[in-house]
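Start from chain A and add chain B according to the hints.
In order, the protein sequence lines correspond to chains A and B. One point on numbering: in the working numbering, the residue at position 314 of the first sequence is 770, and numbering is uninterrupted. One point on numbering: in the working numbering, the residue at position 290 of the second sequence is 421, and numbering is uninterrupted.
If you're looking for bench data, these hints aren't it; they were derived computationally from the structure. Positions of the beta carbon are idealized from the N, C-alpha and C atoms, including for glycine.
A partial selection of chain B residues facing chain A, derived with a Cβ cut-off under 10 angstroms:
1. Ile243
2. Val247
3. Val361
4. Leu364
Computed footprint of chain A on chain B, listed as stretches where at least three residues anywhere in the stretch have a Cβ under 8 angstroms from a Cβ of chain A:
5. 211 to 220
6. 234 to 240
7. 401 to 414
Derived CB-CB ranges, DEER-like:
8. B:Ala221 with A:Leu478: 40 to 50 angstroms
9. B:Ser350 with A:Glu586: 22 to 32 angstroms
10. B:Ser350 with A:Gly594: 22 to 32 angstroms
11. B:Ile199 with A:Val604: 55 to 65 angstroms
12. B:Gln396 with A:Arg633: 41 to 51 angstroms
13. A:Leu735 with B:Arg307: 34 to 44 angstroms
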Amino acid sequence: MSPKNYLILGISLVILIILAILPLYAQPYNIVLLTTIFMYVVLTVSWVIFSGPTRYISLAPAAFFGVGIYVAALLGRELPLLAFVAVGGLCSFVLALLVGFLTLRLRDTYFTIFTFGLVELIRHFLLFWETNITGTRGRIVVLIDNDVVFYVMLGIFVVTLLVAYLIRRSKFGLALRSIGENEVAAVHRGINVTMVKALTFAISAFFMGATGAIMATKWTYIDPYVAFNPLFSFLPVLMAIFGGMSQLYSPIIGAVIFTYLEEVLTTRLPYYYMLIFGLVLVVAIKYLPDGLVGLVPRLIRRWRKKFPAEPQAST
Amino acid sequence: MLKTFLDVAIAGLLMGGIYAIIAVGFSLQYGVARVLNVSHGEFIMLGAFITWTLFTICGVNPLVSLVIVGPVIFIIGFILYRIYFNPLRASSPSVGAFEGSSLLATFGLLYIIQNVAIIIWGAEVKGYASQYLTSSINILGAVFPTNRLVSLGFAIAIILVFYIFLARTRLGKAIRAAAQDEVTAAHVGVNVTRVLAICFGLGALMAGMGGTLISLMYSIQPTMGFQYTVIALIVVVLGGLGSILGSLIGGFILGIVGSVVSYWQPALSLVAYYFIFMLLLLIKPTGIMGK
Chain A
457 MSPKNYLILG
467 ISLVILIILA
477 ILPLYAQPYN
487 IVLLTTIFMY
497 VVLTVSWVIF
507 SGPTRYISLA
517 PAAFFGVGIY
527 VAALLGRELP
537 LLAFVAVGGL
547 CSFVLALLVG
557 FLTLRLRDTY
567 FTIFTFGLVE
577 LIRHFLLFWE
587 TNITGTRGRI
597 VVLIDNDVVF
607 YVMLGIFVVT
617 LLVAYLIRRS
627 KFGLALRSIG
637 ENEVAAVHRG
647 INVTMVKALT
657 FAISAFFMGA
667 TGAIMATKWT
677 YIDPYVAFNP
687 LFSFLPVLMA
697 IFGGMSQLYS
707 PIIGAVIFTY
717 LEEVLTTRLP
727 YYYMLIFGLV
737 LVVAIKYLPD
747 GLVGLVPRLI
757 RRWRKKFPAE
767 PQAST
Chain B
132 MLKTFLDVAI
142 AGLLMGGIYA
152 IIAVGFSLQY
162 GVARVLNVSH
172 GEFIMLGAFI
182 TWTLFTICGV
192 NPLVSLVIVG
202 PVIFIIGFIL
212 YRIYFNPLRA
222 SSPSVGAFEG
232 SSLLATFGLL
242 YIIQNVAIII
252 WGAEVKGYAS
262 QYLTSSINIL
272 GAVFPTNRLV
282 SLGFAIAIIL
292 VFYIFLARTR
302 LGKAIRAAAQ
312 DEVTAAHVGV
322 NVTRVLAICF
332 GLGALMAGMG
342 GTLISLMYSI
352 QPTMGFQYTV
362 IALIVVVLGG
372 LGSILGSLIG
382 GFILGIVGSV
392 VSYWQPALSL
402 VAYYFIFMLL
412 LLIKPTGIMG
422 K
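The shape of chain A in the complex, shown without the other chains:
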């Protein structure tokens, strides 16, 4: 490892320790806010794990997130906390694996609308089921202490980042990128495209499901509208586009800024928040092709062009 890597590792550890001891000192409100930020960061980073390198736009996060929420509602009282969080993740993993294998033939737009339809299909089916078969709409979720939720969310956050980092560095990540560059060429290079895509999709879904399971405990009451809200599909995409996808940390920046914006605006100006959400999406797609993180080097380049540096005195 180079000195730079040690430095990054050290800084990460320090941040982690600060985050871990935070509940002892911080206001409860800040802990809740941080938990929400972790939630969006995990959703965004896990979305980028699959959609970043392969360039398949998935609108299914809400489906996997919602599956986790429902697992928590159904099993929250039967199983210990970590067990139902893991089950939530696993259920999403299996669903994603299934969807992945089913949709492999679909290209680009077809894949996107399929994943979008998935969320709506599950939601309407559950609504039908709850109103006509069981006769009860919605469920009560077991309540868990804020600090515990915070620590579990912190754990998922760390694991997600680690996995995202390892995938990026591995041969597996290289295979993913080559699928995004040119799928046909990837097949010819001997990459098992089917397997790689489905597996990555499932891994990213695992974290979304686990997040859903733990976050469900904060809402106490859930129904299909809450659990399978398509906004949970769009927000991770928006945050990833806004922050950028080139670096591991770029989607995190997008997620943090947007969660904070949501926190500040939703309570005071709900319609304006959604309006701003739309505007940022539209503007970011056109003017920030590499996200906020990509903007900095671009501005520096432009600035250098405008004001060329003094010729160096050296030979």
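Structure of chain B alone, referenced to chain A:
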């Protein structure tokens, strides 16, 4: 038995007319302009609200306001494509990349239009369906409200006019050429940039007029658009992405399917729509009229 059959079939056709007009516009925008417009329903909502405003404040007959709503929404769509989607298309590395980013951009547009509408008109449910064309017509024993029949008639008429426009006029020919092959169309002198913007505008126009017709029958609210977008999406996948005739047929098929399913189990109709949609995507993603 015959009466039940007629009831269900005609109700399906009535719904199908509206589905078809929505889907034809949606199909035009995707098939030619390559924008999968998720905010299509928002243009429908705009059409419905402009009609409502004209009717309740100025007393304009809703059918007359078709002529006002159409051009207004057309201009909005045209300008939108010119200033936003066209530069985006130019800077995208491939058609696939443009489709992806324009799809996401229209999600942004959805939230913008919807929330501007909430700020202007308020979030509550509105409607004038109980004040206009409230009589009913008896067809072979099955009774139908006049407003539904009138809107079906207008939906079919609008689609017919549009079809003749595509088939017979010079501009229609240019649109078909651009849909088939942009590069070659440009070589033979078609101003592709303008044609694509016109297509997007026409798609918006169909949505707006569809919105006027919907406001004849149902109550309206700023969040109403999304359900119609979803229907347009399903119809277009059913008929084949980009095929106008396919959308027309698909609209009526979905209308009848919806009517049959809701006769049997009303709560299942949306589930049935999505189920058909996902099944189609898996089995025959090109749709019934696709190549």
